Amino acid sequence: MTMNIDNNESSLGIVISGSLSEGIRVRLTNPTTVELVKVGTFVSINGENLKFFGVITDISLGASDHNIEYGSIESSNTFVKEVMSGTTTFGEIIVHPMLTLYNTEDIDTAFEKPLPAKTIPNHFAKVSSATEQDIERVFGSESDNVFWVGHPLDMESKLCLNIKELVTRTNGVFGKSGTGKTFLTRLLLIGILQSDSASNLIFDMANEYGWRGYSENINEVKGLKQLFPSKVAVFSLDETNSKKRGLTPDYVVKFGLEEIEYGDIAILKDLLNLTDLALDAVYVLEHHYGRKNWLKMFLSLQGRDSISNIAEKLNFHEGTLISLHNRLSRIHRFNFIDKTQSHQSVEKILEYLQRGIHVVLEFGRYEHNALAYILVTNLITRRIHQKYVELTETSFTKNKKPKPIVITIEEAHRFLTPSIAPKTIFGTIAREMRKYNVTLLIVDQRPSSIDGEIMSQIGTKFACLLDNEKDVDAVLTGVHGSRKLRSVLASLDSKQQALIFGHSLPMPVVIKTREYGTPESYRSFGISNKQDQIEIDREELFGEN
Amino acid sequence: MSLNLLKTAKQIDVMATNISGRQNVHLEKIKKAINAINQFSIENFKQLKNEKSNELSFVVPTIVEHPKNRYSTTNKIYEYCVMAVDGSQIEMDRHAPTTCFLINIGTCTLKYGNAAKSIFSSTPILYAKNDELVIKNELNYSERLIEGDLLAAKRSVDEIKFLGKLLKKSSAQLPRICLLDGSLQMISLKGYYNDEIVLHEFIESGMVTELNKIKSIITESTNTVFASYISYPNSTDIINALKLTSCQSESIKCGRFGNEQSCSECIGGVLDRELFSTILSPGERSSVFYASENSLSEYYQDHRIMFFYINVNNEIARIEIPQWIGENSKLLELLHSLILDQCAKGKGYPVSLMEAHEQAVITNADRKTFITMIEKTLHHQNIPIYTSMKNHSKNLRWL
Amino acid sequence: MINKNQEEKYPKSPIGEVIETSAFNLTIQCHKLYESPAIGSLIKCGTETIVYSVISNIKTQSLDTTRTTIALAQNAFSVEDVYQENPQLQNLLSTSLNTIVVGYKQNTHINHEIPSIPPKIHDLTYCCTLEETLEFSQTFGFLRILRSSNNAHIDDVIVSFLRSTLGNSKNPSQLLLRAGQELARLLKDDTQRLTQILERVSL
Ligand SMILES: Nc1ncnc2c1ncn2[C@@H]1O[C@H](COP(=O)(O)OP(=O)(O)OP(=O)(O)O)[C@@H](O)[C@H]1O
Ligand SMILES: [Mg+2]
Chain A
7 MTMNIDNNES
17 SLGIVISGSL
27 SEGIRVRLTN
37 PTTVELVKVG
47 TFVSINGENL
57 KFFGVITDIS
67 LGASDHNIEY
77 GSIESSNTFV
87 KEVMSGTTTF
97 GEIIVHPMLT
107 LYNTEDIDTA
117 FEKPLPAKTI
127 PNHFAKVSSA
137 TEQDIERVFG
147 SESDNVFWVG
157 HPLDMESKLC
167 LNIKELVTRT
177 NGVFGKSGTG
187 KTFLTRLLLI
197 GILQSDSASN
207 LIFDMANEYG
217 WRGYSENINE
227 VKGLKQLFPS
237 KVAVFSLDET
247 NSKKRGLTPD
257 YVVKFGLEEI
267 EYGDIAILKD
277 LLNLTDLALD
287 AVYVLEHHYG
297 RKNWLKMFLS
307 LQGRDSISNI
317 AEKLNFHEGT
327 LISLHNRLSR
337 IHRFNFIDKT
347 QSHQSVEKIL
357 EYLQRGIHVV
367 LEFGRYEHNA
377 LAYILVTNLI
387 TRRIHQKYVE
397 LTETSFTKNK
407 KPKPIVITIE
417 EAHRFLTPSI
427 APKTIFGTIA
437 REMRKYNVTL
447 LIVDQRPSSI
457 DGEIMSQIGT
467 KFACLLDNEK
477 DVDAVLTGVH
487 GSRKLRSVLA
497 SLDSKQQALI
507 FGHSLPMPVV
517 IKTREYGTPE
527 SYRSFGISNK
537 QDQIEIDREE
547 LFGEN
Chain E
197 MSLNLLKTAK
207 QIDVMATNIS
217 GRQNVHLEKI
227 KKAINAINQF
237 SIENFKQLKN
247 EKSNELSFVV
257 PTIVEHPKNR
267 YSTTNKIYEY
277 CVMAVDGSQI
287 EMDRHAPTTC
297 FLINIGTCTL
307 KYGNAAKSIF
317 SSTPILYAKN
327 DELVIKNELN
337 YSERLIEGDL
347 LAAKRSVDEI
357 KFLGKLLKKS
367 SAQLPRICLL
377 DGSLQMISLK
387 GYYNDEIVLH
397 EFIESGMVTE
407 LNKIKSIITE
417 STNTVFASYI
427 SYPNSTDIIN
437 ALKLTSCQSE
447 SIKCGRFGNE
457 QSCSECIGGV
467 LDRELFSTIL
477 SPGERSSVFY
487 ASENSLSEYY
497 QDHRIMFFYI
507 NVNNEIARIE
517 IPQWIGENSK
527 LLELLHSLIL
537 DQCAKGKGYP
547 VSLMEAHEQA
557 VITNADRKTF
567 ITMIEKTLHH
577 QNIPIYTSMK
587 NHSKNLRWL
Chain B
868 MINKNQEEKY
878 PKSPIGEVIE
888 TSAFNLTIQC
898 HKLYESPAIG
908 SLIKCGTETI
918 VYSVISNIKT
928 QSLDTTRTTI
938 ALAQNAFSVE
948 DVYQENPQLQ
958 NLLSTSLNTI
968 VVGYKQNTHI
978 NHEIPSIPPK
988 IHDLTYCCTL
998 EETLEFSQTF
1008 GFLRILRSSN
1018 NAHIDDVIVS
1028 FLRSTLGNSK
1038 NPSQLLLRAG
1048 QELARLLKDD
1058 TQRLTQILER
1068 VSL
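Protein chains in written order, with the working numbering: chain A, 7 to 551; chain E, 197 to 595; chain B, 868 to 1070.
Same shape as in the complex, but just chain A (with noise of 0.2 Å):
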């Protein structure tokens, strides 16, 4: 425990007032210990019957004089100061009681689980630090199906998330740039992984999952393939780039120009700056060709002339056709794109991930490009999910469901603004949640952009910080007690550390998010295969791979 406080019990103060719904003020006892309580703290409080289980949610200053507070009273003594700490100064905290332990008159018959906190604990009731068998007790302790994320702030007992539970919905970890987003990302990734409850399809799109990520301390962290190489497959859409980074892929993904849809194109509208006469043009086009050839025979046209023919034919503006035609012909320049022949990639895609391996997809080269990355995901995305749909309506008769998947795309909110998210295969996913096995993990840095309707469906929210204020509201919007825990998260660190809440946890929690990126951290998931552990300890030795 961080907390230097040399009382036994590490007891904090006594409930002096508040309410279930403003939360409980406590009075430290201990005057030394304002400037080390912190805000997101966990505390057990014993009432007269029941033990609660509580979050500090704020701190203050009280007086029992209001001189004091007038500035009047004045003394440099430290003998003064010392004494009137704790008895006519004093530090006081906002405890919001979460849960109720169990009842302190039968500890034997404990709850089973913590149960939301109903009523508050008597005054007077003592408040303390929470235990690490508190915190055991409210969020399971490390095993097969919980993962173990972080530390709850200020506290070395392990916090674990049920991996199982946390699947079955669509999560989001937000976060200003640099919070750490990716960083636990990677670890909610290997939870999974780990529990081998659900298959991942990760949209790499920066390659910071699948082989090397950077990290801003020790330059590069290693990707899932590297630590789980058995269990994770990194597909390319740039072969070149993956080699150069020192990987040979598992599969080279290419797409067929016949593979795109008007689905496709009408989520790139704002990238490609289409009108909505072209992309009804787009839909008339798809009719005309036919949904195969539509996009190789239109971008096959050569010439002013025949496009203001087929305008003409469709009757659409010759300018809306020829301006639609310059954009699309940008998707044609992708070196993912072959113009003559259609691919298997989202067929591979989906047969590794019924097998059980998580599929990393490598943006390479493309890796800021938006439209390739809008491109590839919707098309692989809406394509697995008509899989899906297929597969578990078949398995119903077959009684043999597909694996779930779940599917992580950074920078989710190019999929899920509230113009197009209704649109898209995404909205639908979010939405269906795990009708059909398909749930996403959302990443992103401006939730304000998202969807309110689709933020509300997320089970789990992870959220670093966040300083603006549309971002904040996004992320608390329709949680309980957002109030207080709008505090909590303007008052994170900027790095490594989250606000967890939702579905998956009986309380909210702040958290120290779990080191990744030293050998230890890489131990620490307990990796036993030979070939891994070699690389591991070579790294170490000579500080290269």
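In short, the hints are calculated from the structure, not lab data.
Please note that a few of the clues may not be correct.
Claimed, not checked - Derived lysine-lysine pairs resembling DSBU-like cross-links, with alpha carbons at most 30 Å apart:
1. B:LYS987 x E:LYS564
2. E:LYS365 x B:LYS899
3. B:LYS1055 x A:LYS132
4. A:LYS393 x A:LYS354
5. A:LYS260 x A:LYS250
6. E:LYS543 x B:LYS899
7. E:LYS361 x B:LYS899
8. E:LYS357 x E:LYS526
9. E:LYS313 x B:LYS899
10. A:LYS44 x B:LYS1055
11. E:LYS313 x B:LYS879
Source: prediction; values computed, not measured.
We have chain A; now place chains E and B with the ligands onto it with these hints.
Just chains E and B with the ligands now, kept in the frame of chain A:
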């Protein structure tokens, strides 16, 4: 209104003018007295005393030294012990529920010097037994109730008794001085000069017995003195002597105590202290005189009373001593310096006597409490209480 | 102040006796002129129930209220001279103490409360030793009684007590802190007063 202050004030005015008129006459007389003492001759005085003693309407002292002599002392004593006794009494009140009286004796012992210390005491003595309350004449079975002057005499005897006891207990190492307040001559008994029983009781078996005891202690040591201190004395022994020598009138029967009008030359009315205040400088004492003989003198046996005047703090006090002190120049010198020291410490009055007085004093409140205590006690013992109606009317005031 | 000197001076002999008694305040007349413990000292009296009180005032004055004391030192070299020249002062003056009752001890148990029966007149009074005083001030409940006494100078009494007793203990800072915190609770709405006391108590 109980007292008409307006009318009283007018009368006081008249009195004041009379006083100032009389004062001038009085000052003239004092001047004459000074004149007389300047011309005084012991021989002449002795002769006149012998010749005219039978004609005199006043008594004169025995003078062996010129009355104008003055003595000062440079002897300053730092270490000594002073013992002083004073008394007070609660008179038998005829309206009181029972007959009794109470004498309260206060003593004060002060030790000066290295081991300076003080001991005070206050001892009340209740006289209530029948034979304590009266003087019996065995011959004719008559009884005299002790009250008034007799009670005063009784008190004097008790006082000197206590002083004797104090002296006996004290250590002879330091110089000692024993002090009484008032006169050694039991003048209150003057009216009883032919009551053999009374004089015997109070003087012979009372005062003289105690004086004997004190004398025996004092003669054993060389540095113990005993005296009685009279402040503001109204005595006229020396003036009387001067009258004898200086009055030109054929008949000496003049003056305040005379039958006829005082002659114009007469110094009658002047007090000794008025005269001596013009003679003695601060700290000085007069020569020692034998007190004028009177009808009580013979009872004093070998304790003839002597006296001198002393200027303490510009006031004249009279010191009375038995002859065995007055005739001993060494003791006289010791007495002189110790009296001066005591008076210096007491701002003009012997501090030891003052404290003894404080111990002895009975306040009015104490008197009332005393009566109530007696009443209560008697009541508790079912003894009927008789109080006269007069006392009842004093206790109750009505409109 | 209970210093070594005085401990020797008052080993086990009484300093005086009770001449006025009440549940809250006592007046003690010292047996010897000027021989009194200092303001703020803890004294005890009584036999079965030992009553503790803290000296709040020391007065030396004429025993006889109708007699005033007058200046005597005009020609003296020192005050000692005056007392040597006037031994009667030892009898005329007397030193008395006003004390505030702060607790009692019954069957070895110390209570910081007013005893149900006040001490008797003439009860002999003793000065508590440092050990006794520290035993009494293991907790500081008696400060409540002191504070609520209607003595205008009670703060000075409290300061004297704390300084002399706790200041001479083995671990003064810890005791002073606890005493200070008790005071702070008592004076929670009068920080001005509290600060003044604390500043004076601090070592
Ligand atoms: N759990 C962790 N263990 C070790 N380092 C971490 C951890 N979390 C964050 N960091 C540090 O913080 C830096 C930023 O983290 P990360 O790249 O995950 O941020 P981000 O929110 O994904 O940023 P961006 O929005 O720019 O992608 C990392 O490079 C790493 O140095
Ligand atoms: Mg990132």
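**Prompt:** Can you list which hints this structure breaks, lowest number first?
**Reply:** none
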